[in-house]
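These protein sequence lines are chains Z and L, in that order. To convert, note that position 40 of the first sequence is 288 in our numbering; the numbers rise steadily by one, no gaps. To convert, note that position 188 of the second sequence is 213 in our numbering; the numbers rise steadily by one, no gaps.
It should be emphasised that the hints constitute simulated quantities derived from the structure, not laboratory data. Every value quoted in this text rests on a predicted model; they were computed, and no experiment measured them. Cβ atoms here follow ideal geometry from the backbone N, Cα and C, with glycine treated the same way. Misleading hints may appear alongside valid ones.
Sample of chain Z residues with no beta-carbon within 10 Å of chain L, all distances over it, derived [unchecked claim]:
1. 331
2. 376
3. 445
4. 550
5. 636
6. 649
Each pair of labels, with its calculated beta carbon distance range [to be verified]:
7. Z/412 to L/142: 40 to 48 Å
8. Z/459 to L/135: 44 to 52 Å
9. L/142 to Z/337: 36 to 44 Å
10. L/147 to Z/459: 18 to 26 Å
11. Z/676 to L/147: 37 to 45 Å
12. L/135 to Z/631: 26 to 34 Å
13. Z/635 to L/88: 22 to 30 Å
14. Z/459 to L/136: 43 to 51 Å
Some chain Z residues well away from chain L (every beta-carbon gap over 12 Å; in silico) [as the list claims (entries may be wrong)]:
15. 625
16. 634
17. 639
18. 645
19. 646
20. 680
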Amino acid sequence: MLASESKQHYLSSYREYYGNGRSRSPAWLKALRESAIGSFDRLGFPTRNDEEWKYTSVEPITSQSFERGRQPEAVSAETVLARSFTDAECNRLVFVNGIFVPQLSLWRDVPAKVRVQSLAEAIEHDDQILAPYLAACARHEREAFFALNTAFMEDGAVVIVPSECRLEAPLHFIFVSMAGDRRIALYPRNLMLVGAGSEVKIVESYLGLGTGNYFVDAVTELIGEENSVIDYYRVQREGDAGFHVAALDARLNRNCHFTSHAVTLAGALVRNDVHVALEGEGSECILNGIYLLDGHQHVDNHTEIEHRRPRARSFELYKGILSGNGHGVFNGKIIVHKDAQKTDARQTNKNLLLSEHAAVNTKPQLEIYADDVKCSHGSTIGQLDADALFYLRSRGLDFHEAQSLLSYAFASDVVGRIRIPSLRARLDEYLLTKFGRN
Amino acid sequence: MLEIRNLHAQVGGKEILRGIDLTVGAGEVHAIMGPNGSGKSTLAHVLSGRENYLVTGGSVIYDGKDLLAMAPEERAREGIFLAFQYPVEIPGVSTTYFLKAALNAVRKHRGLEELDAMEFLALIRERMKLVEMDQTLTNRPLNEGFSGGEKKRNEILQMAVLDPKLAILDETDSGLDIDALRVVAGGVNALRSKDRAMIVITHYQRLLNYIVPDFIHVLYDGRIVKSGKKDLALELEAKGYDWIKSEVAALQ
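Hey, can you work out the whole structure from these sequences and the hints?
Spelled out as structure tokens, the structure:
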């Protein structure tokens, strides 16, 4: 299928489900869907002629016809927990093929004033709080996948934490894709509002369990009010036949501290677009990322940090380990606006290539319009350090064991920054298994 | 235990070792001294199997086997240990984790049971006393941010855990203050035994006040030009290396 045919496929699918007022959506949502599908029609799928998609071809996604998912599948709780690195006691909402599954979910000991529910439920009750947020983010006018998600969104997580509320236990949102013979497309949409002075840890996990091809187009919008502290995690463990395109849009107000941990472990084609707007003075964002590629996987991390007000800080560290024929892309843009004096922005991308055929394209982009700022960036692409390899071998480890241990060490630097002990321990275990202990 | 015969080696196309002969027996401690650039560290690296050192002639027989045919890890498993002059920092791996993996690789090779986490911890705790190290150091990433003294103590700790038959100490005294030197040398002395041979490479006589060798050899311009007992070190300390250089020049 050609990209143009693929576009028509999504347009007609839209008409089938939502055309002529066919959906039960409230009026504001109908209007939003219409506007978004209009944008998609205008934009079409990105091609490699687009600067933002220079190193990533979406042809694997556009050459097949994915049908709107939302088809229930039976999945065991054990499988979901094991694959998402969570345990039975975790507070969680679980979605399978785009549908919230209460039986797999658990919600307890969370203060009643904290609202957590499925987006579908919130839409059904025509919750007035949704409209201003979902419609306000204009990215669907510029980005095709954001537009598709906005046109087709049905379910996802809604989290509303009121002010001055500190949640100890993390909130997990687990999205399971299970495709069989039918190729399915899923559009999870999450909205997270964290009130002034509140603290919360949020984990989004994406898992692929079936063997068939599927396509996840996920969007999360997050707003941190003044003095809030947000730890946000995204763990991607899609199937070998899974395509995943995700956008995170975070807006941080005065003195908000936002930390994101992006962990990409599997998936045939993964593209993450992270946009953080430091809208308040003194706000801070820390973006940590680790991506492990093997086989013919392709992982593209695009991050854009906008410093809009003075004295905001951003620290970014993304690390990748690429084996087999894996192809990685990192594009880190930092924009410092005119008013954003005393900005402190640092960005680092490090890549470890373990095979001859693995490749990575890394590109920092700084746009600075203020004059009193500290900005730095650096990227490395390399093999393992020969001195370190020899040191380990001189102690009795063979070449493969030494390589594994150093790869583990490279990754554990990022995993060690995870502040949820159980998640950190399980990811550490995953790394140890992946790299060695032959 | 170790027989080096007419060993020649190059680094980057330049001949550094130009015919080394050395025999080391079990239980013996040999010191190798010499001015900078004489080939001391090259000898240490050639014996431990560093790749970018090209052996162009001669032989090294260790325990009846051809040492030069072995990969670095085989040498380690057969009981050779090099204490590095500049130990490598490896962020992300603790000394404890790394050393357990190394010890089990060595034990497996020797046909011994691998140690589990508890057994290993008991062993390392006991060996840490030798070099006055505590657990906060071994739980930290390997050598990362360690002071010079901590790095050298960590080398000796690794030696104590891996229990080699032949230990090569490459400039173990460099960068150490007198207290650290005393601790490190104390650890080394505690590990002397009738089954273990040691080659102590040093520029200065100072270390040999603490680790008293059975034999001393002077390496100059890629050859051992003088051998003797511990008195030789005192002579070198008193007279420097220049008289050796003149002696060699006179012979040529």
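Status of the hints after comparison with the structure:
1. No beta-carbon of chain L comes within 10 Å of the beta-carbon of residue 331 of chain Z; the shortest separation is about 25 Å.
2. Separation of residue 376 of chain Z from chain L is adequate, the least Cβ-Cβ distance of about 49 Å exceeding the 10 Å criterion.
3. Taking the minimum C-beta to C-beta distance to chain L, about 35 Å, the non-interface status of residue 445 of chain Z holds against the 10 Å cut.
4. No beta-carbon of chain L comes within 10 Å of the beta-carbon of residue 550 of chain Z; the shortest separation is about 26 Å.
5. Listed as a non-interface residue, residue 636 of chain Z fails to keep its Cβ farther than 10 Å from every Cβ of chain L; the least gap is roughly 5 Å.
6. With a least CB separation of 7 Å from chain L, residue 649 of chain Z falls inside the 10 Å interface cut-off, contrary to its annotation.
7. Between residue 412 of chain Z and residue 142 of chain L the CB atoms are about 43 Å apart, so this pair conforms to the stated range of 40 to 48 Å.
8. Our hint of 44 to 52 Å for residue 459 of chain Z and residue 135 of chain L holds, since their Cβ atoms are close to 45 Å apart.
9. Distance hint check: the CB atoms of residue 142 of chain L and residue 337 of chain Z are about 26 Å apart, inconsistent with the given range 36 to 44 Å.
10. Evaluation of the 18 to 26 Å hint for residue 147 of chain L and residue 459 of chain Z yields a failure: the beta carbon distance comes to about 47 Å.
11. Against the hinted window of 37 to 45 Å, the Cβ-Cβ separation of residue 676 of chain Z and residue 147 of chain L comes to about 23 Å, which falls outside the hint.
12. The beta-carbon spacing between residue 135 of chain L and residue 631 of chain Z, approximately 32 Å, falls within the hinted interval of 26 to 34 Å.
13. At about 27 Å, the CB distance of residue 635 of chain Z to residue 88 of chain L agrees with the hint of 22 to 30 Å.
14. Judged by the Cβ atoms, the range 43 to 51 Å given for residue 459 of chain Z and residue 136 of chain L holds: they are separated by roughly 44 Å.
15. Listed as a non-interface residue, residue 625 of chain Z keeps its Cβ farther than 12 Å from every Cβ of chain L; the least gap is roughly 20 Å.
16. At roughly 8 Å from the closest C-beta of chain L, the C-beta of residue 634 of chain Z falls inside 12 Å, breaking its exclusion from the interface.
17. The claim that residue 639 of chain Z lies off the interface is violated: its Cβ sits roughly 4 Å from the closest Cβ of chain L, which falls inside the 12 Å cut-off.
18. Non-interface call for residue 645 of chain Z relative to chain L: violated, since the shortest CB-CB distance, roughly 6 Å, does not exceed 12 Å.
19. At roughly 5 Å from the closest C-beta of chain L, the C-beta of residue 646 of chain Z falls inside 12 Å, breaking its exclusion from the interface.
20. Residue placement check: residue 680 of chain Z does not keep its beta carbon more than 12 Å from all beta carbons of chain L (closest about 9 Å).
Checked against the numbered hints above, the structure breaks hints 5, 6, 9, 10, 11, 16, 17, 18, 19, 20 and satisfies the rest.
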